[in-house]
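Novice: Please build the complete structure, drawing on both the sequences and the hints.
Heads up: the sequence lines are chains D and B, in that order.
For the first sequence, my numbering assigns the number 1 to the initial residue and increments by one for each residue that follows.
For the second sequence, my numbering assigns the number 1 to the initial residue and increments by one for each residue that follows.
Heads up, some of the hints might be wrong.
If chains are identical, the list can't say which one is meant, so a pair holds when it fits in one copy or spans any two.
[Unchecked claim] Here are the computed lysine-lysine pairs in the DSS-like style, where the Cα-Cα straight-line distance is at most 30 Å: (1) Lys216 to Lys18; (2) Lys237 to Lys221; (3) Lys225 to Lys113; (4) Lys82 to Lys113; (5) Lys18 to Lys82; (6) Lys247 to Lys113; (7) Lys192 to Lys216.
It is worth saying that the hints were derived from the structure and are not from the lab.
Protein chains: 2
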Amino acid sequence: MINVVFLGFGNVNSNLFKALHIANEVTVKQVFNRNYIKMISPFENIPFTDDISKIEEADVYIIGIPDDAISAFSESLPFQNKLIVHTSGGVSIDTLSNKNRRGIFYPLQTFSKERAVSFKTIPICIETENSQDLDLLRKLGETISENVVEISSEKRAKLHLAAVFVNNFTNYLYQIGREILKNEDLPFDLLKPLISETASKIETLSPEEAQTGPAKRNDIKTIEKHLHLLGDSPYRKFYELFTEELKHNYGKKL
Amino acid sequence: MINVVFLGFGNVNSNLFKALHIANEVTVKQVFNRNYIKMISPFENIPFTDDISKIEEADVYIIGIPDDAISAFSESLPFQNKLIVHTSGGVSIDTLSNKNRRGIFYPLQTFSKERAVSFKTIPICIETENSQDLDLLRKLGETISENVVEISSEKRAKLHLAAVFVNNFTNYLYQIGREILKNEDLPFDLLKPLISETASKIETLSPEEAQTGPAKRNDIKTIEKHLHLLGDSPYRKFYELFTEELKHNYGKKL
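Specialist: In structure tokens form, the structure reads like this:
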């Protein structure tokens with residue numbers, strides 16, 4: 001049995017908590033959060049504390065707090081030589097205080113409190129300072145995911161950067177699409193099958209193979225029509241940048 | 001029974017063909033293409049011609065050829081007063097020659113020859129010049145899709161523009177993600193669950209609600225780290241543009 005204490009209870013930790021709570025071979029011993037949180041059904045029996053001096057013994061402590069707060073918080077913990085991990089994509093393992101054994105337990109996914117996700121296919125990126133801790137994190141990860149991978153802080157930083165492109169920036173393109181339709185009184189629902197297929201396509205084709213559209217074809221007439229429709233919209237800059245880059249890339253390949 | 005002839009056999013028409021071929025109440029009478037195409041099993045019994053003078057009688061002629069060629073090709077057809085539709089998102093109904101009755105049959109989806117798609121949920125955008133033709137196109141669309149909508153050429157142009165953002169540009173972000181990982185010898189597969197969830201999220205949340213990430217939070221430290229990792233990469237411009245816009249938008253909303 002692996003005993004776990006959660007330190008912080010934001011989007012990532014609250015989702016991890018729900019998954020680990022029902023995993024075999026894992027016991028969530030306690031949730032700590034600086035501000036009081038009422039544990040609601042079916043979690044009302046999980047002990048909660050907002051007192052840092054009352055954090056219980058555990059095999060793994062999982063920190064899920066804002067990136068900037070990780071260093072000082074880990075330094076403030078009133079114990080040492082325990083395995084402390086954080087769940088952040090962009091923060092190096094060295095950021096954690098070295099008075100405890102340090103590790104990373106980074107689930108590569110986008111989390112919202114309103115939406116439950118299945119961890120089964122989510123890559124869990126782990127890193128530690130010794131092999132025994134690595135085995136423990138691997139075992140912990142495998143209770144919820146089929147995809148536990150050891151990745152260094154350096155590579156994880158690049159992975160997190162790539163995630164920002166395919167998740168945060170993609171979602172902003174969805175916002176732009178919705179806005180363009182809204183101005184025409186057209187429902188965003190019209191775009192949903194296209195969005196879904198665009199994401200599904202890369203399961204069987206590489207993104208290079210899946211690329212279509214006027215910029216790739218260098219279809220000047222359509223591009224000019226689109227720029228005319230955009231006028232001086234704030235989205236014009238995006239259209240120009242993507243179109244230039246796509247024309248440049250596929251032009252090269254011809 | 002609705003008799004259909006396909007004029008051109010690119011990505012859109014070959015996918016439409018497969019769907020309409022098996023639809024009840026539709027007969028594909030013929031496929032015309034300027035260059036010879038061998039109709040392979042299970043379509044070997046569908047008549048093919050590359051001779052424009054041998055196009056057969058039908059209720060609807062579906063043009064699926066490059067946008068720039070639609071006008072001249074429709075003018076060159078050796079018959080008149082028939083219902084001719086094209087399948088292009090960005091091309092006005094007026095582009096078709098007016099010697100025939102004109103219409104639009106635009107399936108809003110991304111098509112590749114290598115990948116079969118289900119038409120059931122795909123919006124089919126129709127437009128005609130008279131209500132009888134509209135009824136016929138609606139009936140034709142409903143043999144394959146639950147989502148047939150009448151949309152004017154003007155609104156369709158905006159819809160097509162929005163589609164370029166959520167499909168072509170999103171797919172290019174996937175290319176960037178893949179490239180960043182490739183440089184670290186990390187497999188693109190690591191990003192696939194994230195890409196899938198990013199697309200699925202907007203089924204239940206609006207893209208505004210679904211937005212996360214360092215730019216939205218104005219997390220300067222992470223943004224600076226990312227810019228440092230990008231160095232003078234060609235992707236830096238994308239990072240800066242999205243980040244500026246997200247900071248600006250969410251800053252306003254605070």
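Novice: Each of the hints needs a verdict: does it hold here or not?
Specialist: These are the hints, each one checked on the structure:
1. Proximity of Lys216 to Lys18 under the C-alpha cut-off of 30 Å is restricted to the inter-copy arrangement: shortest distance 26 Å between copies versus 44 Å within a copy.
2. Taking identical chains as interchangeable, the C-alpha atoms of Lys237 and Lys221 lie at most 30 Å apart whether they share a chain (18 Å) or sit on different chains (25 Å).
3. Taking identical chains as interchangeable, the C-alpha atoms of Lys225 and Lys113 lie at most 30 Å apart only when they sit on different chains, with a minimum of 27 Å there against 41 Å within one chain.
4. Taking CA atoms no more than 30 Å apart as the test, Lys82 paired with Lys113 passes inside one copy only; the shortest distance there is 29 Å, against 55 Å between copies.
5. Proximity of Lys18 to Lys82 under the C-alpha cut-off of 30 Å is restricted to the intra-copy arrangement: shortest distance 23 Å within a copy versus 61 Å between copies.
6. For the identical chains of this complex, Lys247 and Lys113 are inter-copy neighbours only, at 22 Å across copies versus 40 Å inside a copy, given an alpha-carbon limit of 30 Å.
7. Proximity of Lys192 to Lys216 under the C-alpha cut-off of 30 Å is found in both arrangements, the shortest distances being 22 Å within a copy and 23 Å between copies.
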